[in-house]
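Take the sequences, apply the hints, and build the full model.
Residue numbers for the sequence shown follow the numbering used here, so the first one is 1 and each next one is one higher.
To be clear, the hints were calculated from the coordinates, so they are not data collected in a lab. Every value quoted in this text rests on a predicted model; they were computed, and no experiment measured them. Think of the CB as a built atom: it goes at the ideal place given N, C-alpha and C, for glycine as much as any other residue. Hints are not guaranteed to be accurate.
To be verified - Derived CB-CB ranges, DEER-like:
| # | residue 1 | residue 2 | range |
| --- | --- | --- | --- |
| 1 | 210 | 326 | 32 to 38 Å |
| 2 | 150 | 210 | 43 to 49 Å |
| 3 | 350 | 307 | 45 to 51 Å |
| 4 | 99 | 1 | 39 to 45 Å |
| 5 | 205 | 168 | 47 to 53 Å |
| 6 | 303 | 329 | 31 to 37 Å |
| 7 | 350 | 287 | 48 to 54 Å |
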Amino acid sequence: MPAPYETHRAQIEAILLAWSVPPVGASRAADIMAWADLHGVDSHGLSMLTVYDQRRRQDRLRLDAVPTLSRETPVSALVDGGGGLGHPAAFLAMETAIAKARTTGIGVVCVRNSSHFGACGYYTAMAAEAGFLGMAATSASGIQVAPTGGAQARLGTDPWSFAAPGREGEPFLLDMATTTVAAGRIRNRANEGLPCPPGWVLTRDGHPSTDPLEASQKGGSLTPLGGSPEGSSYKGYGLAAMVNILSACLSGSTLITDPMHLRQPHGQDIGHFFLALSPGLFRDGDDFRRDVAAFCDALRATPPVDEAAPVMVAGDPQRAHAARRRHEGIPVAPGLMAKVRAIARESGAPWLLDEDPASPSSA
Numbered sequence: 001m002p003a004p005y006e007t008h009r010a011q012i013e014a015i016l017l018a019w020s021v022p023p024v025g026a027s028r029a030a031d032i033m034a035w036a037d038l039h040g041v042d043s044h045g046l047s048m049l050t051v052y053d054q055r056r057r058q059d060r061l062r063l064d065a066v067p068t069l070s071r072e073t074p075v076s077a078l079v080d081g082g083g084g085l086g087h088p089a090a091f092l093a094m095e096t097a098i099a100k101a102r103t104t105g106i107g108v109v110c111v112r113n114s115s116h117f118g119a120c121g122y123y124t125a126m127a128a129e130a131g132f133l134g135m136a137a138t139s140a141s142g143i144q145v146a147p148t149g150g151a152q153a154r155l156g157t158d159p160w161s162f163a164a165p166g167r168e169g170e171p172f173l174l175d176m177a178t179t180t181v182a183a184g185r186i187r188n189r190a191n192e193g194l195p196c197p198p199g200w201v202l203t204r205d206g207h208p209s210t211d212p213l214e215a216s217q218k219g220g221s222l223t224p225l226g227g228s229p230e231g232s233s234y235k236g237y238g239l240a241a242m243v244n245i246l247s248a249c250l251s252g253s254t255l256i257t258d259p260m261h262l263r264q265p266h267g268q269d270i271g272h273f274f275l276a277l278s279p280g281l282f283r284d285g286d287d288f289r290r291d292v293a294a295f296c297d298a299l300r301a302t303p304p305v306d307e308a309a310p311v312m313v314a315g316d317p318q319r320a321h322a323a324r325r326r327h328e329g330i331p332v333a334p335g336l337m338a339k340v341r342a343i344a345r346e347s348g349a350p351w352l353l354d355e356d357p358a359s360p361s362s363a
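Below, the structure written as C-alpha cells:
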C-alpha cells in the first residue's frame with residue numbers, strides 16, 4: 001500500500017539519522033529525496049538509500065559532514081561539502097544564490113567536495129518559487145557514458161535543470177540528464193528484474209541491449225541523449241561537457257576524466273553549479289511572469305496528436321504526479337521495499353513503511 005508523503009519522508013530521515021547524519025542535514029536530505037518521489041522522480045528518492053548505503057560502507061561518504069562557505073563575493077560563493085551527502089551542500093548553495101540575487105539581481109554558487117545531491121529540479125524550483133530564474137548542474141561520480149564516436153565511457157549522466165517563474169505554483173521546470181535516461185531509472189529496472197526499453201544501454205562493444213545490468217556490472221554504457229550518432233547524440237555529449245565545465249572546472253572538483261576521480265581516499269569530490277537570476281534586471285518581474293505563463297499556456301493549447309494525451313510543458317507531469325501521490329500516497333516497488341527494510345534493520349532505524357503495522361517485519 002502506498003504510504004503518505006509524511007511517512008515516506010520520515011522513513012528516509014530515520015535511516016539518515018541512524019547513519020549519524022547531523023539532524024539539519026538529515027532533514028534537508030529527507031525533504032529533497034521525498035520531494036523527488038512525490039513528483040514521480042523515483043530514481044532520486046528512497047531508492048538512492050541503497051546507493052548511499054553502499055558508498056558509506058566503502059567509506060566514500062563522510063556522513064557527519066557539515067557544508068561551509070569557503071569563498072564569497074557579493075554575487076558569488078564557493079561551498080565546501082566536506083565529503084558528505086550532496087543535499088545539504090546543494091541546499092546551502094542555492095539558498096545563498098537566492099539571497100545574493102535578492103540584493104544584486106544575480107547569485108552564482110559552486111560546490112566542491114560533495115556527492116550525489118538528488119534531483120536537480122528541487123533546487124531550480126527553489127529559485128522559481130522565490131521569483132528568480134534558476135539553473136543547476138552537477139558532475140557525476142560514475143563513469144557510464146562514452147563520448148559520441150568513442151569506445152570507452154568517459155562521462156556520467158551529468159544532469160542539469162532550468163526553471164522560470166510563471167503562474168503561481170506552475171513554474172517552467174526542466175530537469176534532465178544528458179543521457180537518454182537517468183541511471184536511476186535503469187537501477188530501478190534492475191531492482192525489479194525488468195528489462196530496459198531498447199535504446200537505453202549499450203554492451204561493452206557498443207551494441208544495443210535491454211539488460212539493465214549492462215552498464216553497471218558488465219562493462220557496457222548508457223547512451224548519450226540522442227542515442228546514436230545518427231540520432232544526433234553529439235547534442236547530449238556537448239551538454240554533458242557543458243555540465244562538467246560549469247560544475248567541476250569552475251568549482252575545482254576532480255574532473256571525471258582524471259584517473260583519480262574514482263580513487264578519492266574519502267568522499268567523492270563531485271562539483272555542483274547553481275544560478276539565481278532576477279528578471280527585474282531587465283524588466284518588471286510581474287510582467288515577465290505573465291509572459292512565461294502565457295507562453296506555457298500557448299504551448300499547452302497546441303492540438304495534440306492524441307486527444308487523451310494533451311501537450312504539456314516542463315514541470316506539468318511532475319506536478320500531476322505530486323497531486324496524485326499526495327492523495328493516494330507514494331508507492332514503493334516490492335524489490336526496493338525489501339532492500340530499504342534490510343537497510344533500516346541493519347542500521348537500527350525504526351521501520352515506518354510496512355503495509356501492515358502489526359506484521360513481524362515492522363517490529
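Exercise. Can you list which hints this structure breaks, lowest number first?
Worked result: As far as the earlier hints go, only 2 is violated by this structure.
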